[in-house]
Structures are given as C-alpha cells and as structure tokens.
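The lines below spell out each chain.
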Amino acid sequence: MTTIHYLYAAVFLSQVLVVSLHAPTIVARRVRTLLATRPPAEYPKLYPVPIETIEHTLRLYRILNAGIAVLGLAQAAWFYVVDGEMDPTAYAVYTCLQVAPVLLWGQWEKRYFQRMSAGAHSSIRRAQLTPRRLFDFVSPVQLGLVVTTYVGATVSIVFMTAAPIPEPLLTSTFTFTLMTIFNLFFASGLVWLRTPKRSDPHQSHGDRVRTIRAVYQAAVTTIILMNAYVALQSVLTSFEVLRYAGFAASLLVQFFGVAAAKASVLVLGQEDFEVYKADAQRA
Amino acid sequence: MEIALDLEAEVPLFAQLIAQIKRAVSSGELLPGDPLPSIRQLANDLAINNKTVVKAYRLLERDTIIVSKGYRGTFVHADAKAHCDVDVNGSTFDKLEAAVAELREAGVTDSEIRIAFGTVMNAKNERNSQ
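If you're matching them up, the sequences are chains F and B in order. Take the position in the first sequence, starting the count at 1, then add 2; the result is the number in the working numbering. Take the position in the second sequence, starting the count at 1, then add 215; the result is the number in the working numbering.
Just so you know, these hints were derived from the structure itself, not from any lab. All residues carry an ideal CB built from backbone N, CA and C; glycine is no exception. Take the hints with a grain of salt, since some may be wrong.
Derived contacts from chain F toward chain B, CB cut-off under 7 Å, selection only [unchecked claim]: (1) 125; (2) 126; (3) 127; (4) 128; (5) 129; (6) 130; (7) 131; (8) 133; (9) 197; (10) 199; (11) 200.
Lysine-lysine pairs mimicking PhoX-like chemistry, simulated, CA-CA at most 25 Å apart [as the list claims (entries may be wrong)]: (12) 112(F) / 279(F); (13) 270(B) / 199(F); (14) 296(B) / 237(B); (15) 199(F) / 266(B); (16) 296(B) / 270(B); (17) 270(B) / 310(B).
Could you build all of it, start to finish, from the sequences and the hints given here?
As structure tokens, this is what we get:
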C-alpha cells in the first residue's frame, strides 16, 4: 500500500466513525438531555408518544448506525488490506447506506410532530404581524459567497475544458447542468423555507424563527460547499489527479452527517419550553 | 405585534383577523407604511387556510386599511387610521334596511323583495363572470 492508500483508508475510517457513530451520538445525547431536564410530568405537550417509544426508536437508530459502522469497518478491512484500494461503486453504495438512518430519523420526527398536532386541543392560534425577510436569516456576505462559488465553479468547468488534458465536454456539461439545477433548487428553497408550515403546534415564535434560521444556515452552507467541491473536482480531473477529489467528497459527506444530526428538529433551537407545560396556551 | 385567533369562536376567522388588524391600527401598534406578513407566512404561522388570509387582506384593502404593492409586499395604508372606524357592513345594512322599508310601504311583498334581490345579485354575478 502506498501513502495515498493509507490516506484514503484514514479518510474512509473517519467517515465511518463520524457519520455512523459520532453523529448518532449527538442526536442521542440531545434527546437524553431533553428527557432528563424536561420530564414528561412537567412538560406533557412535548411528548405526544410514551417515553418508552422514544427510547425504543432511539435505540433502534443507534443499533442501525452501529451495524452500518461495523459494515464500514469490514469493508475498509477488505478493500484496503486485501485489495489495497477502495472500489468507487462500493464507496458510493456505502455512503448511501450511511444516509439511510438519517432519512428514517427524519421520517420518525415528522410523524412525532403529526401526533403532537393531533393532540393539540387548544383552539387559540397565535402569530406575529411581522414579515420575515430573506436577510433576517442569511447575511449578504453568505449570499455573495453562494454567487461567487457558483461563478467560480462555472469558470473552472469552462477553463478546464481547454486545459492540456481537458475534461470531456459531455462530462463538464453534465456537471454544470447538475450544479445549476442544485443551485436553483436551493434558491427556490430559500424563498419557500421563509414561511414553512408549522410542524410543532406549540413552538413559540422565537423558537420558530430560530429553527428557520438554522435551516437557512444549513442550506446556504450546503450550496457553498457543493459549488466549491464542483470547482475542485473540475480542476483535479484536468490535472489527472481526480482520485484526490475522493478526500473532498468524503469530508463533504462527514460535514453533512454532523450537520444533519445537529439540525435534528426535535430539539433544534428550542429555548422556550414553557409552551409545553400542561396549562400553557397554544402558540 | 401578536394576533390570536380563536377557532371555536362564532366570529369567522377572517373577521377576527380583520378586527385585530384594525384594532392594531387604531391603537397605533401598526403605523402607516408598516409592512405586514405575506399571506403564506400568516396562514402557515396560524395554521389556517391561505384563502382565509386572502379574504381578510382583500377586505382590508377594499376598506383602505392596507395596500398591496405587488412583490414588495403588503403595507398599512397611509390613511388607515381614518378608515378604521368606517363600518362598511353597518352602512350596507342601513341602506338595505331603508330600501326594504320603502318597498314594503309601497306594498311589495317580502317574497317579491327576496326574488328581486336574488335576481339583482345573480345578474351582477353573471356580469362579473363574463
């Protein structure tokens, strides 16, 4: 095995540990802290399902992640010790597998809030008569970075088609189209996310705004990193060192894994827990 | 400024919304030129149908309490405070009551008044739909 293979093995092991062990630990710690500091007896509206159900789901989530981590370690042992190199397809499949528990947890949270809404009996609905603007949630600097990285990636793609070892035109066109679609998708998302449907019927206005801000920040950071990755990949391809792009891809996956865990909406940005007390009026 | 709607109240939701915005304008909590939330924002925050907010905003705009400026949003009208006390419903009721009283005095029966009223309203609706 060469140095590059050792580096690859290290980055892959880091991905296994960060996405399948560290990120689930963040979620589990947050939920356990919530259960310990805000007991159901005092905050009944916070728990539309029995505590046992929450603990059971959390246990399944951790077991699933632990299983995927073990699989990752076995895969790393097989490819790096026996073969000496990781197969890109196997890496892609494994990364998709790592994402699966995140999606399942998201679905569970959605159902959790649906139950919370179904159990909300108060007939009073409250709202602030203050409009929410785009720049309440992102700074002009961040939006400038989105535009800059997009233009940078485009310039990089165009420039690299004329490089001594050019990227095939079809590949660069496909990359550019895909990147533009993602940017447009996120741009429309930023408009849409400003006024999302209320998932938690009790959540206070301040917490709702904090949640929206956190989602905005995650979305903007994602676009910036993705554009930067496209630019980097294009440069590396043209210099025939594309295999180094794998490092960036893995680091990107690790960042998204931790970001998704931290953005777990169940406990995201909650500060006003008074609204979950038995005698609190609906927000 | 916070508003609260009661889903179980007898007053319709759009009327509650109108009343509270008018009250905020009268009390000075909302000043001329102040921006209001978009229809979607208010509907989602209150977890009510968009059409309810659309109806409330349309009636408030008709009463010159708010003004819609396209993509820039909806704002409190410059003369909103002066128009808050204008009771359009009350004035409509008074005029109809006077007209009905006049027709009754002229010997027109209640059923004839109802048919005529329905015909006039339907004719107007047909003209609008054409």
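Outcome of the hint check:
1. The interface hint given for residue 125(F) holds, since its Cβ lies 4 Å from the closest Cβ of chain B, which is under the 7 Å cut-off.
2. About 5 Å separates the beta-carbon of residue 126(F) from the nearest beta-carbon of chain B, less than 7 Å, and the hint is met.
3. The interface hint given for residue 127(F) holds, since its Cβ lies 5 Å from the closest Cβ of chain B, which is under the 7 Å cut-off.
4. For residue 128(F), the shortest C-beta to C-beta distance to chain B is roughly 5 Å, which falls under 7 Å, so the interface hint holds.
5. Taken as an interface hint, residue 129(F) checks out: its beta carbon lies about 4 Å from the nearest beta carbon of chain B, inside 7 Å.
6. Of the supplied interface hints, the one on residue 130(F) holds, with its beta-carbon coming within about 6 Å of a beta-carbon of chain B, less than 7 Å.
7. A distance limit of 7 Å between C-beta atoms decides the matter here; for residue 131(F) the minimum to chain B is near 5 Å, and the interface restraint holds.
8. Checking residue 133(F) against chain B by beta carbon gives a least distance of about 5 Å; that is within 7 Å, so the hint holds.
9. For residue 197(F), the interface hint holds, the least distance from its beta-carbon to any beta-carbon of chain B being 4 Å, beneath 7 Å.
10. Hint status for residue 199(F): holds, given a least beta-carbon distance of 5 Å to chain B, under 7 Å.
11. The closest approach between the C-beta of residue 200(F) and any C-beta of chain B is roughly 5 Å, which is under the 7 Å cut-off, so the hint is satisfied.
12. With a C-alpha separation of about 21 Å, the suggested pair residue 112(F) and residue 279(F) falls inside the 25 Å cut-off, and the hint holds.
13. Straight-line distance between C-alpha atoms of residue 270(B) and residue 199(F) comes to about 20 Å, which keeps the hinted pair within the 25 Å bound.
14. The hinted pair formed by residue 296(B) and residue 237(B) meets the criterion: a straight-line CA distance of about 8 Å does not exceed 25 Å.
15. At roughly 15 Å between alpha-carbon atoms, residue 199(F) and residue 266(B) fall within 25 Å of each other, so this suggested pair holds.
16. Between the alpha carbons of residue 296(B) and residue 270(B) the distance comes to roughly 20 Å, so the proposed pair stays at or under 25 Å and holds.
17. For the proposed pair residue 270(B) and residue 310(B), the alpha carbon gap of about 24 Å is at most 25 Å, so the pair holds.
Against the hints set out earlier in the document, no violation occurs for any number.
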